[in-house]
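Throw the hints in and build the complete structure from the sequences for me.
Taken in order, these protein sequences are the chains called W and B. The UniProt record's numbering numbers the first residue of the first sequence as 1 and each following residue consecutively. The UniProt record's numbering numbers the first residue of the second sequence as 1 and each following residue consecutively.
No lab work stands behind these hints: they were computed from the structure. It cannot be assumed that every hint is accurate.
For chains that are exact copies, the list does not tell them apart, and a pair is met inside one copy or across any two.
[To be verified] Heads up, simulated DMTMM-like pairs for lysine to aspartate or glutamate below, C-alpha to C-alpha not over 25 Å straight-line:
1) 358 with 179
2) 239 with 272
3) 239 with 93
4) 21 with 223
5) 21 with 63
6) 21 with 289
7) 358 with 333
There are 2 protein chains.
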Amino acid sequence: MSTPLRLGIAGLGTVGIGVVKIVQMHSEMLGRRTGRDISISAVSASSRTKDRGVDISGYAWEDNPVALGSREDVDVVVELIGGENGVAKALVETALAHGKHVVTANKALLAHHGNALAQLAEDNGRSLRYEAAVAGGIPVIKSLVEGLAANQITRVMGVMNGTCNYILTRMENAGLPYDEVFEEARKLGFLEADPNLDVGGIDAGHKLSLLSAIAFGTKVDFESVVLQGINAVSIDDIKLARDMGYSIKLLGVAQMTGRGLEQRMSPCLVPETHPLGQLQGGTNMVVIEGDSVGQIVLRGAGAGEGPTASAVMADVMDIARGLQLPTFGQPAETLVDAPPAVVSTGAPWYLRMVLLDKPGALAKIATILGDCGVSIDRLRQYHHDEPHAPVLIVTHKASSDDITHALEMFEDCGVVVGDPMALRIETV
Amino acid sequence: MSTPLRLGIAGLGTVGIGVVKIVQMHSEMLGRRTGRDISISAVSASSRTKDRGVDISGYAWEDNPVALGSREDVDVVVELIGGENGVAKALVETALAHGKHVVTANKALLAHHGNALAQLAEDNGRSLRYEAAVAGGIPVIKSLVEGLAANQITRVMGVMNGTCNYILTRMENAGLPYDEVFEEARKLGFLEADPNLDVGGIDAGHKLSLLSAIAFGTKVDFESVVLQGINAVSIDDIKLARDMGYSIKLLGVAQMTGRGLEQRMSPCLVPETHPLGQLQGGTNMVVIEGDSVGQIVLRGAGAGEGPTASAVMADVMDIARGLQLPTFGQPAETLVDAPPAVVSTGAPWYLRMVLLDKPGALAKIATILGDCGVSIDRLRQYHHDEPHAPVLIVTHKASSDDITHALEMFEDCGVVVGDPMALRIETV
Numbered sequence: 001m002s003t004p005l006r007l008g009i010a011g012l013g014t015v016g017i018g019v020v021k022i023v024q025m026h027s028e029m030l031g032r033r034t035g036r037d038i039s040i041s042a043v044s045a046s047s048r049t050k051d052r053g054v055d056i057s058g059y060a061w062e063d064n065p066v067a068l069g070s071r072e073d074v075d076v077v078v079e080l081i082g083g084e085n086g087v088a089k090a091l092v093e094t095a096l097a098h099g100k101h102v103v104t105a106n107k108a109l110l111a112h113h114g115n116a117l118a119q120l121a122e123d124n125g126r127s128l129r130y131e132a133a134v135a136g137g138i139p140v141i142k143s144l145v146e147g148l149a150a151n152q153i154t155r156v157m158g159v160m161n162g163t164c165n166y167i168l169t170r171m172e173n174a175g176l177p178y179d180e181v182f183e184e185a186r187k188l189g190f191l192e193a194d195p196n197l198d199v200g201g202i203d204a205g206h207k208l209s210l211l212s213a214i215a216f217g218t219k220v221d222f223e224s225v226v227l228q229g230i231n232a233v234s235i236d237d238i239k240l241a242r243d244m245g246y247s248i249k250l251l252g253v254a255q256m257t258g259r260g261l262e263q264r265m266s267p268c269l270v271p272e273t274h275p276l277g278q279l280q281g282g283t284n285m286v287v288i289e290g291d292s293v294g295q296i297v298l299r300g301a302g303a304g305e306g307p308t309a310s311a312v313m314a315d316v317m318d319i320a321r322g323l324q325l326p327t328f329g330q331p332a333e334t335l336v337d338a339p340p341a342v343v344s345t346g347a348p349w350y351l352r353m354v355l356l357d358k359p360g361a362l363a364k365i366a367t368i369l370g371d372c373g374v375s376i377d378r379l380r381q382y383h384h385d386e387p388h389a390p391v392l393i394v395t396h397k398a399s400s401d402d403i404t405h406a407l408e409m410f411e412d413c414g415v416v417v418g419d420p421m422a423l424r425i426e427t428v
Numbered sequence: 001m002s003t004p005l006r007l008g009i010a011g012l013g014t015v016g017i018g019v020v021k022i023v024q025m026h027s028e029m030l031g032r033r034t035g036r037d038i039s040i041s042a043v044s045a046s047s048r049t050k051d052r053g054v055d056i057s058g059y060a061w062e063d064n065p066v067a068l069g070s071r072e073d074v075d076v077v078v079e080l081i082g083g084e085n086g087v088a089k090a091l092v093e094t095a096l097a098h099g100k101h102v103v104t105a106n107k108a109l110l111a112h113h114g115n116a117l118a119q120l121a122e123d124n125g126r127s128l129r130y131e132a133a134v135a136g137g138i139p140v141i142k143s144l145v146e147g148l149a150a151n152q153i154t155r156v157m158g159v160m161n162g163t164c165n166y167i168l169t170r171m172e173n174a175g176l177p178y179d180e181v182f183e184e185a186r187k188l189g190f191l192e193a194d195p196n197l198d199v200g201g202i203d204a205g206h207k208l209s210l211l212s213a214i215a216f217g218t219k220v221d222f223e224s225v226v227l228q229g230i231n232a233v234s235i236d237d238i239k240l241a242r243d244m245g246y247s248i249k250l251l252g253v254a255q256m257t258g259r260g261l262e263q264r265m266s267p268c269l270v271p272e273t274h275p276l277g278q279l280q281g282g283t284n285m286v287v288i289e290g291d292s293v294g295q296i297v298l299r300g301a302g303a304g305e306g307p308t309a310s311a312v313m314a315d316v317m318d319i320a321r322g323l324q325l326p327t328f329g330q331p332a333e334t335l336v337d338a339p340p341a342v343v344s345t346g347a348p349w350y351l352r353m354v355l356l357d358k359p360g361a362l363a364k365i366a367t368i369l370g371d372c373g374v375s376i377d378r379l380r381q382y383h384h385d386e387p388h389a390p391v392l393i394v395t396h397k398a399s400s401d402d403i404t405h406a407l408e409m410f411e412d413c414g415v416v417v418g419d420p421m422a423l424r425i426e427t428v
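Encoded structure:
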């Protein structure tokens, strides 16, 4: 065995404790598989005395996590604090500058500062790794950077926020309205302190922006991810979609188009016959399409102590084995600025709206769609025991621009009650 | 860029041509992602003049593929000849002995000689890689060796022969009998020259034995894989299974048990709600279960020019990037001999048989099962417009030993017509 690899762990929440457990319980296995002992030198967390169910008394303690970044007895800093700025960022920068490798589960940090941090890591000849930041235990970063490296990636898609998928599948399976299931998820502790990170699609958007950078060799550009949350999805939408053979998923899609890099995270209709449509509960799924390999689907737990710690430790073991690659699969300086695609690729759309029950209302809607260049595939006034008439329209392929235009015109046309719902029907 | 990585390719069939195409078409991308030029120095195949649709005139030609293994201008030998002995083995041995890295898609070779070849590679400080040997384009070797390396693997399962899955799903979807679909598959060119390699489960068994070695740190032991082909699966079995909510799949399962290493490749009933049960046509799927990560599912094309070449080139790119690991994820000398589990773990079983239509026949069968310690969960005499009475039995959990014992007793009991069908119902 060569010299041991020594970790400094910042953050002893669920994932941090999971990492400590793997190091403590599987020490022989880790050594056999990497040829090195993997040990923990020091840790830092909010409370030193809290009972976490594991013995951390053998590790040095730092009140200030940033101090882990300059300790002589630390080779790899494991950053599990989270947050796009503040202590997490300071720690990662300090560690890289001091020649430590960094393993992190922090998608927000990398989505906002990934380009600069990747450059910093490469300037210092060290690894900055983040398998745990995307889709929990699924080895998706490794699959994209290494396993499918010979492919020109044509599209990356995924359901990457377990909480949203829990909410949507629970609505579908139990027939419950959004608000009720949202409260249920809150009580179960599934939601972030700021729930909008989950249901607003932000967390999943962070993840998508990292996959985009690897897939297309572009700079991380989270700001250009078009975000739409799930909070406007009603139980009616879910039922109507199911009647047509679709499930509604918070789906991330990234693809390079003639108009630039398209990145969007939004509720979409996906065929219930596709693995994406069948995904239940908190499970994550990433679909990668390459010019040679075709479609690869990866599925697994998107969060939780074990799965996330598994991903963190895979990164640590790669470092122990001497595997070192640029953060996004190619040198940071070669990542290009891709113009964001303002208009997304065409797709059929699902439109649901409520019309005033008066003569000519439907004709007005149809005319607006026609004027916007959107042609109707199916139209159904689907029940009628109310003062108003709910209408479901499925369009032929239309651009997001044309749909947006039509939605704007609906606002002022005098026959639409409330906000129409518009969801892409994704081809998978 | 550092020095180029130079390939010698043996075998210019579908996969070989796919590899040549990637090297020719994606040269810039490969260089950007690996930091090195990847070039082809020499090739060898059965015919030099055959039109393969790619220009190979710039590459040196070897009539004898083994000669590629000692060429000074070759850093990596890509072995795409196939076969467990003969030229393929001679080439791989020659190449490793001459300090070349080897990338191969040859599951038969590794299933039979993997232990010795892994040792030879390590003795020479070179890589022996085989991502393309298992599940085509799916990065399953990388996921097991690296992505899930922090896990004690508890079970590996998979549908890893596309031809068998094509036959079974075609039978299910079209309601056609085995023989008819088998002929269809033969005409479509889906079958190996010796079809028993496919339908006898041998090819898939080869693959399973490689996954076992990585997962459990054991020597490759193909001889101990319990094989059962799909040729006895009837359309009746498929329909009866579907009525109960199952699909029949040629499923490989490897797990370490208290009684030794269990490796089996056999048609099983799997729930149609699980991704394995939903797998259609030639697609492959591997399910990996680890103590931390839980269940990871990987799905993709199991064969074909693009997917297999994608996997070959991923290995080549890893070598170009300087990533070097032992063949089975840990040094060959640390792989242990695991006793094969003679009796597999208990499971419910599906039994279908035809009984003579006479009093007491059913009682006799029930008595035999009881005597063998097998208890019945469901029993159904499922139609009766024949001279004999077909019977479907679903058992409670029973060991393969007890089921085998019961099947032997059925033979001599005087009421069973023909051979009963016994299929495990796999818990997934």
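Against the earlier hints, flag every one the structure doesn't satisfy and list their numbers going up. Those not satisfied are hints 1, 3, 4, 7.
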